[in-house]
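**Student:** Make a model of the complete structure from these sequences and hints.
For the record, the sequence lines run as chains A and B. Residue 173 in the working numbering sits at position 173 of the first sequence; the count goes up by one each step and never skips. Residue 76 in the working numbering sits at position 76 of the second sequence; the count goes up by one each step and never skips.
These are calculated hints, taken from the structure and not from any lab test. The beta carbon of each residue, even a glycine, is placed where N, CA and C say it ideally should be. Be aware that one or more of the hints could be misleading.
[As the list claims (entries may be wrong)] FRET-style restraints, in silico, Cβ to Cβ: (1) 104/B with 454/A: 26 to 32 angstroms; (2) 264/A with 135/B: 54 to 60 angstroms; (3) 264/A with 15/B: 48 to 54 angstroms; (4) 121/B with 332/A: 39 to 45 angstroms.
[As the list claims (entries may be wrong)] One side of the interface only, derived from the structure: several residues of chain A facing chain B at Cβ under 7 angstroms: (5) 109; (6) 112; (7) 116; (8) 127; (9) 130; (10) 246; (11) 251; (12) 280; (13) 287; (14) 291; (15) 295.
[What the hints assert, rightly or not] Calculated pairs, SDA-like style, for lysine to any residue (alpha carbon to alpha carbon, straight line, at most 25 angstroms): (16) 109/A with 207/B; (17) 346/A with 99/B; (18) 346/A with 121/B; (19) 392/A with 176/B; (20) 346/A with 118/B; (21) 263/A with 47/B; (22) 263/A with 240/B; (23) 121/B with 116/A; (24) 119/B with 393/A; (25) 346/A with 106/B; (26) 346/A with 418/A; (27) 121/B with 395/A; (28) 263/A with 176/B; (29) 121/B with 316/A; (30) 316/A with 145/A; (31) 392/A with 83/B; (32) 109/A with 203/B; (33) 121/B with 263/A; (34) 263/A with 211/A; (35) 119/B with 347/A.
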Amino acid sequence: MIRTFFDEMYAADGQVRPHYREFARWLAETPEELLAQRRREADLLFHRAGITFTLYGDEQGTERLIPFDTIPRSIPASEWRVVERGCIQRVKALNLFLTDLYHDQRIIKAGIIPAEQVLANEQYQLAMQGLNLHRDIYSHISGVDLVRDGDGTYYVLEDNLRTPSGVSYMLEDRKMMMRLFPELFAAQRIAPIDHYPNLLLDTLKSSSPLDNPSVVVLTPGRFNSAFFEHAFLAREMGVELVEGADLFVRDDHVFMRTTDGPKPVDVIYRRLDDAFLDPLAFNPQSMLGVPGLLSAYRCGNVVLANAIGTGVADDKSVYPYVTDMIRFYLDEEPILKNVPTWQCRKPEELSHVLANLPELVVKETQGSGGYGMLVGPAATRAEIEAFAARIKARPNAYIAQPTLSLSTCPTFVENGIAPRHIDLRPFVLTGRETRVVPGGLTRVALREGSLVVNSSQGGGTKDTWVVED
Amino acid sequence: MRLTIRHETAYHYEDQVRASIQYLRLTPHDSERQQVLSWQLDLPRPVRAQLDPFGNILHVLTLDEPHAAIVIAARGQVDIDETREAEHESQSALPFLRFTRLTEADEALRSFAARECRKRKSRTALIDLMQALNQHMAYKPGSTEVDTCAAEAFAARAGVCQDHTHAFLACARSQGIPARYVSGYLFSAESEHMASHAWAEAWFDGAWYSFDVTNQLARAARHLKLAVGLDYLDACPVRGMRRGGGEQMHAKVLVTPTISVQQQ
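**Tutor:** Here it is in structure tokens:
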């Protein structure tokens, strides 16, 4: 099968696209030896900064450097503005959906989404039913994963409304590029992103009705794969990084233990899943959470960002309905497209999926991180058969999509420069207003031909530029 | 039936507890089946009542002065309408279709449920299921732990009311019938005795019907309802954590002292 890929830097005729011309000129002029030296420098600096990622499913709990590629992913500003509007539109609709779902459930009554699909979903939290949140915001921090098909059309691959990670790589990649290649930033106008921590703090503060709320970042601890990011964001925002044991609840209010005695906590940027937040309300085995937190939250005495129960809106089984949500709540046409999706829970769609597995990507509805998925075109016959058995055993747990070709971007590999597949995760912040810093995190699948960009699956990252055109 | 009840829970510890927190679901509320005439909860310090995610009345007791014991006492008077078959509710019951760790239906529970229900989604089917579970799982105090899941107790063919209820919930949900856990008190006419108890409710046509597997009762005529939830963890009367205190020396639960029952 011949697949055509959209390349970010080169047009089909081999010409450098206009927004990459400046970079291409610089790349041609810069001696190879210098580039290689700078790449070694980057590795060293990342290592020294301790930017690592713990691999799941690795018994040694290996900490690994996420490979950083020095060829940026560049987006023309005019194109970015459309993507930005699309992301904002989507997150607005998703927040409206969550508000509706936990209150009037108009979208169910209107017959747009089946009641059982959301209400019997494990991610639907009864604890949120009827609870009013300040500004009706559930997902304060959202990550929208985008890919581009063969003709360059952007598609939303998934929404991340629980604890989307990766923003620290976005920020560090930019710092690194500016340090290694300052001349590139002098030669053209690349939109800055270093105000992200300020926007994040502003978003977190505006999530509370208080004038100057006290904010903390709650981490599961240093064994979590994203611990570096938790510490990084707390430091950048100038707020405390805490673990569950540093917090306690008294009379439905949350306090932080400090050497000067208890200090009230008003907003918790939590990087902990719902199930671990409060051992008295959720998983009783959790040592990571804060006993009593749910009662304090339900009394309105503390803000959790993101809110509890957002998972029902980014669940892969709910994803097919997001475009309809946009039409229903905003009365607008979706700016960004959804990838066509077959739901295996529907018998007629299941048989289509089973008959076409070699062409499809199959995902677990509850999965994340690229662990429980099948990439049909890259799988062996045996792998496909094994996966088919899993789908048949639990059809509700799977969705399938056509294999998108995913755009490529030139990337440094062992033998020079070669195209590798990429995606894009812009970070959408919702507070008083909804904002996105230009660009986002570009992940790159470093293995030739691989379509899986997750860092847990050997992916790397690139600096992402929005360039004035 | 009018039930007068006093329920006292006392925890004693080896050492001083530095701080503790308890989620208490020890206060019944009015419903179609029960009317609370009076109810009082005596706690070491005053606590404001709130509603938990399932609509239960919840008290969150936080103690941060060192203490060696916690005594919690509930007492009150409740009228039970013995003729009431079911309780109506406007909220969707669909969230009660999901499984939890304690109510996960393994292959054994699924096929047991399928065999007893024979594709019938009816109250009669669940009554058959209730009786079959009662036959299958002997009532045997001490045979299970508080965190034993439905599949484990079912495989061991023994348990207490909590295990009976979890197994019933797993079966009902596997048949696509929303079902929930109920904790409360049961009055036993034979022994004039009132005890903490657990049973199940399942949803048909906009109302919740009771199924007491342990006592093979399809009507909660002698049951005082305290709280509901997806499983024991959501509905249990007391769930708490503490810092310090060492071994728990003694936990005393007393439900009978001032009981009196009058037929109306």
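**Student:** Now look at each hint and say whether the structure bears it out.
**Tutor:** Status of the hints after comparison with the structure:
1. Between residue 104/B and residue 454/A the Cβ separation comes to about 28 angstroms, which falls inside the hinted range of 26 to 32 angstroms.
2. Separated by about 56 angstroms at the C-beta atoms, residue 264/A and residue 135/B satisfy the suggested range of 54 to 60 angstroms.
3. For residue 264/A and residue 15/B, the hinted distance range of 48 to 54 angstroms is not satisfied, since their beta carbons lie about 29 angstroms from each other.
4. Remark: the range hint 39 to 45 angstroms for residue 121/B to residue 332/A is upheld by a beta-carbon distance near 41 angstroms.
5. For residue 109/A, the interface hint is violated, since its Cβ never comes within 7 angstroms of a Cβ in chain B; the closest pair sits about 11 angstroms apart.
6. At its closest, the beta carbon of residue 112/A sits 16 angstroms from a beta carbon of chain B; the interface hint therefore is violated under the 7 angstroms criterion.
7. Of the supplied interface hints, the one on residue 116/A holds, with its beta-carbon coming within about 6 angstroms of a beta-carbon of chain B, less than 7 angstroms.
8. For residue 127/A, the interface hint holds, the least distance from its beta-carbon to any beta-carbon of chain B being 4 angstroms, beneath 7 angstroms.
9. For residue 130/A, the suggested interface contact is broken, since its CB lies about 9 angstroms from the closest CB of chain B, more than 7 angstroms.
10. At about 13 angstroms, the closest approach between the beta carbon of residue 246/A and any beta carbon in chain B exceeds 7 angstroms, and the interface hint on this residue is violated.
11. The beta carbon of residue 251/A is positioned within 7 angstroms of a beta carbon in chain B (closest approach about 6 angstroms), and the interface hint is therefore held.
12. A least Cβ separation of about 5 angstroms between residue 280/A and chain B falls short of the 7 angstroms threshold, and the interface hint therefore holds.
13. The beta carbon of residue 287/A is not positioned within 7 angstroms of any beta carbon in chain B (closest approach about 10 angstroms), and the interface hint is therefore violated.
14. The interface hint given for residue 291/A is met, as the beta carbon of that residue sits about 4 angstroms from the closest beta carbon of chain B, less than 7 angstroms.
15. Against a cut-off of 7 angstroms between C-beta atoms, the interface hint on residue 295/A holds, since the closest Cβ of chain B lies about 5 angstroms away.
16. For the hint pairing residue 109/A with residue 207/B, the CA-to-CA distance comes to about 20 angstroms; that is within 25 angstroms, so the pair holds.
17. In summary, the hint linking residue 346/A to residue 99/B is supported, as the alpha carbons are separated by about 21 angstroms, within the 25 angstroms threshold.
18. In summary, the hint linking residue 346/A to residue 121/B is supported, as the alpha carbons are separated by about 21 angstroms, within the 25 angstroms threshold.
19. For the given pair, residue 392/A sits about 19 angstroms from residue 176/B by alpha-carbon distance, which is consistent with the 25 angstroms threshold.
20. Proximity of residue 346/A to residue 118/B is assessed by CA-CA distance (about 23 angstroms); at most 25 angstroms being required, the pair is judged to hold.
21. Only pairs whose Cα atoms come within 25 angstroms are accepted, and residue 263/A paired with residue 47/B is accepted, the gap being roughly 21 angstroms.
22. A C-alpha spacing of about 23 angstroms is found between residue 263/A and residue 240/B, which places the hinted pair at or below 25 angstroms, so the restraint holds.
23. Restraint check: the Cα-Cα separation between residue 121/B and residue 116/A comes to about 17 angstroms, which is no more than 25 angstroms; the hinted pair holds.
24. With a C-alpha separation of about 20 angstroms, the suggested pair residue 119/B and residue 393/A falls inside the 25 angstroms cut-off, and the hint holds.
25. In summary, the hint linking residue 346/A to residue 106/B is supported, as the alpha carbons are separated by about 23 angstroms, within the 25 angstroms threshold.
26. Between the alpha carbons of residue 346/A and residue 418/A the distance comes to roughly 41 angstroms, so the proposed pair goes past 25 angstroms and is violated.
27. With a C-alpha separation of about 22 angstroms, the suggested pairing of residue 121/B with residue 395/A holds against the 25 angstroms cut-off.
28. With a C-alpha separation of about 48 angstroms, the suggested pair residue 263/A and residue 176/B falls outside the 25 angstroms cut-off, and the hint is violated.
29. For the given pair, residue 121/B sits about 29 angstroms from residue 316/A by alpha-carbon distance, which is inconsistent with the 25 angstroms threshold.
30. At most 25 angstroms may separate the alpha-carbon atoms for a hinted pair to count; residue 316/A and residue 145/A meet this at roughly 13 angstroms.
31. As the CA atoms of residue 392/A and residue 83/B are separated by approximately 46 angstroms, the hinted pair breaks the 25 angstroms bound.
32. Annotation: proposed proximity of residue 109/A to residue 203/B holds, straight-line Cα distance about 20 angstroms (limit 25 angstroms).
33. As the CA atoms of residue 121/B and residue 263/A are separated by approximately 54 angstroms, the hinted pair breaks the 25 angstroms bound.
34. Taken as a hint, the residue 263/A and residue 211/A pair is honoured in the structure, with Cα atoms around 17 angstroms apart against an allowance of 25 angstroms.
35. The hinted pair formed by residue 119/B and residue 347/A meets the criterion: a straight-line CA distance of about 19 angstroms does not exceed 25 angstroms.
Taken one by one, the earlier hints fail for this structure at numbers 3, 5, 6, 9, 10, 13, 26, 28, 29, 31 and 33, listed in ascending order.
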